[in-house]
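Asks: Could you build the full structure based on these sequences and the hints that come with them?
Which chain is which? The protein sequence lines are B and E, in order.
For the first sequence, my numbering assigns the number 1 to the initial residue and increments by one for each residue that follows.
For the second sequence, my numbering assigns the number 116 to the initial residue and increments by one for each residue that follows.
Since the hints were made in silico from the structure, they are not lab data.
Predicted model only: the values in this text are computed from it and were never measured.
Accuracy of the hints is not assured; some may be wrong.
[As the list claims (entries may be wrong)] In the DSBU-like style, the derived pairs of lysine-lysine whose C-alpha atoms are separated by at most 30 Å in a straight line are:
| id | chain 1 | residue 1 | chain 2 | residue 2 |
| --- | --- | --- | --- | --- |
| 1 | B | K57 | E | K151 |
| 2 | B | K11 | E | K166 |
| 3 | E | K151 | E | K166 |
| 4 | E | K175 | E | K151 |
| 5 | B | K14 | E | K153 |
| 6 | E | K210 | E | K171 |
| 7 | E | K184 | E | K166 |
| 8 | E | K153 | B | K11 |
| 9 | E | K210 | B | K11 |
| 10 | E | K153 | B | K57 |
Single-letter residue listing:
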Amino acid sequence: DTGVSQNPRHKITKRGQNVTFRCDPISEHNRLYWYRQTLGQGPEFLTYFQNEAQLEKSRLLSDRFSAERPKGSFSTLEIQRTEQGDSAMYLCASTGGSTVNTEAFFGQGTRLTVV
Amino acid sequence: SQELEQSPQSLIVQEGKNLTINCTSSKTLYGLYWYKQKYGEGLIFLMMLQKGGEEKSHEKITAKLDEKKQQSSLHITASQPSHAGIYLCGQGAQKLVFGQGTRLTINP
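Replies: Pasting the structure below:
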């Protein structure tokens, strides 16, 4: 499978715990994006990387959220001290090439439930 | 208010009927993407429109871009159960901004 892969698919955690999600983009893609989607809404941008550089972070990304892409390949999104409001689907997408306006390929998402 | 507004928010049609979903932007559209999402899953790319007046088709799905109206429409002809899902429009050069989605249900 050469698509975008996200792990785990589902995560249930207790409030206050830390969680980490992983995204493996399509191998030749240099841009990687994280989005969050709540029920009945479209995905909202969180952050993106070009290779290993984190180029933009949304205001939605509080201090409890951190993302890394250490070698410009896979990325991790960590949420510290989870809150019930963090319950959502976390989606990863990747795009390749130097041109803009190319379609983004999405993973299957990680559904987080904070209880 | 949303940068991209989709209408309707939900749609129930009988199998075999045609339908249209609209996406209106509050800003000038420089490119518009349509994605489909099955419940609880990731997004599947359908089409990208870049030029005013552009129209693209894939199987029974046709999308058009009207830059003057800052609007795009997605039209499905002779709908089938496989068309059911959430349709999302998005725009952006790097990060994408999405509409809230249109949930399509196809009744047999």
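Asks: Now tell me, hint by hint, if it's right for this structure.
Replies: Results for each hint:
1. B/K57 with E/K151: Roughly 25 Å separates the two Cα atoms, so the pair holds.
2. B/K11 with E/K166: violated (41 Å)
3. E/K151 with E/K166: holds (21 Å)
4. E/K175 with E/K151: holds (14 Å)
5. B/K14 with E/K153: Since the Cα atoms of B/K14 and E/K153 sit roughly 27 Å apart, the hinted pair holds (cutoff 30 Å).
6. E/K210 with E/K171: holds (22 Å)
7. E/K184 with E/K166: holds (13 Å)
8. E/K153 with B/K11: holds (19 Å)
9. E/K210 with B/K11: Holds, at about 26 Å.
10. E/K153 with B/K57: Status holds; Cα separation ~27 Å.
In summary, the one numbered hint that this structure violates is 2.
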